[in-house]
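Asks: Taken in order, these protein sequences are the chains called A and B.
2 is the number of the first residue of the first sequence in our numbering; add one for each residue after it.
2 is the number of the first residue of the second sequence in our numbering; add one for each residue after it.
Please note: incorrect hints may appear among the correct ones.
What the hints assert, rightly or not - Taking beta-carbon pairs under 7 Å as the criterion, some of the chain A residues facing chain B (in silico):
| hint | residue |
| --- | --- |
| 1 | I51 |
| 2 | N53 |
| 3 | A148 |
| 4 | S149 |
Keep in mind that the hints were calculated from the coordinates and are not lab data.
Note that the coordinates shown come from a computational prediction; the quantities given were computed from them, not determined experimentally.
C-beta atoms are modelled at their ideal positions from N, C-alpha and C, and glycine is treated no differently.
One-letter residues, chain by chain:
There are 2 protein chains.
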Amino acid sequence: MKKNNRIGALVDEFTSNPCKLYDSKHFCDKFGIAKSSLSEDIKLVNEVFIDNGTGYIESTSGVGGGIRYVPGISDDNIKRIQDALCTKINDPSRILGGGFLYTSDIMFDGKLVDGMARVFAQKYYSFGADYVVTVETKGIPLAARTASLLNLPLVVIRREAMYSEGSTVSINYFSGSSDRIQKMSIAKRAVEPGSKALIIDDFMRGGGSIKGIVEILAEFDMDVIGVGIAIVASEPVKKRVSNYLSIVCVDEIDEEGRRISVRANDQLTSGTNLEI
Amino acid sequence: MKKNNRIGALVDEFTSNPCKLYDSKHFCDKFGIAKSSLSEDIKLVNEVFIDNGTGYIESTSGVGGGIRYVPGISDDNIKRIQDALCTKINDPSRILGGGFLYTSDIMFDGKLVDGMARVFAQKYYSFGADYVVTVETKGIPLAARTASLLNLPLVVIRREAMYSEGSTVSINYFSGSSDRIQKMSIAKRAVEPGSKALIIDDFMRGGGSIKGIVEILAEFDMDVIGVGIAIVASEPVKKRVSNYLSIVCVDEIDEEGRRISVRANDQLTSGTNLEI
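When you get a sec, could you build the whole thing from the sequences and use the hints?
Replies: Structure (structure tokens):
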């Protein structure tokens, strides 16, 4: 196989299997090439990902080492995704009253979801999560894509204990936005006790349901290593969770004036160390 | 930019944007190359996808024409995905009683979901769907991935009309497996009346909920061009929908003997024209 074809085949393989660890022997055998030639190929593939702003190749040596494509997103592409989100959200027909916005089309748009998932994958890759966890329903595509990019299993917490989930653990939590007690439920066999979770969700106002997720995971002695949220409302300023990363912030929904104030979370592209 | 790098960059761009139509001018400008050189590059990239069994490049000329990566999956990889599914499903601890199986981990496994989504994308690419539609919850990752691969918006039908969905249309339908009337609800602004839908779901027994989806879409004069289901129960033989494509079939769940009979749907790889 010619070098051109090998480069193409490697990029195809890596992008189809993000964060999967490959033994270099795998590719040497597949292409019938020496390790030195593979190293040159991998160097070039790494350049391609870096030039495209889509990630990089991580090579580690020794036992348990190998080659892995770590997906990412450039600052320019983060800004593009944030701009696209702000433009979409800034549409008065989304205002539903009571501080609610219609956002299903945004959370079900594959390109926007992929961009946001890349932000979370890039940020949390090195945090060592074992699962990506969300609560149904609107955040599932975003959480599923983040999980795929990180090569981690997805866990979906249900609002009601379903028969098809087998034995479950349920909690009640206080939801500020609906001003009432709500329930969530997780299948006992969905998670390994003592493991680590990355929480992903579509929207946060006071943080009640994120805090609910943290609490239900604590029932399994699970630690939360990070929280990624697509859209965060600026009010209330005081959230029930402190460590989260948002893509965009909604400052105000003016129902009478039919106006939505939404802005990019500049921390994502400011180059400063995020306080997470 | 050297040819090697261009090939890598093209594969990365195409796999990140499946089914997106590109003007060839886009790449000529980006790489600073003539149309003839781009044609050679595209030919090579097409070979890469075909050799890897991950799809092909479709080139169309004239007004509205361009270059597009159509994702696919080889028969060998379909068999591999089916085998992996059968092995996973064939685990007696999944038996929940009443003919239910625990399958959340399977439907939330990114690699399995990607493989199944590729089967559906390959099969239904030419059918001209405008949306991929599912009903919450377990089929959402599969439907979302299928939608991404086909570059289509996802629509998620809810079990309950949610306030955050705005005005909704709801129907009641008969679910054979739960032996009762159930409800589903769709946001009015989620779909364009008169458009075409591809339905994707995780599991089907009698087909009651798929028929419910067909009915709720009919309220918007929407046609269903296909139905893709991950796991279909062989019983009852008579389903409430006729045109569907399954990945694997569960023939029997023997609760007492703690045994599950599951097999690949051989039609997917038999090369015969599927009756869809």
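Asks: Indicate, hint by hint, whether the structure satisfies it.
Replies: Here is what the structure says about each hint:
1. I51: violated (11 Å)
2. N53: Where the cut-off is 7 Å and the nearest Cβ of chain B is about 5 Å from N53 (chain A), the hint holds.
3. A148: holds (6 Å)
4. S149: Because about 4 Å separates S149 (chain A) from the closest Cβ in chain B, which is inside the 7 Å limit, the hint holds.
In summary, the structure is inconsistent with hint 1 from the numbered list given earlier, while agreeing with all the others.
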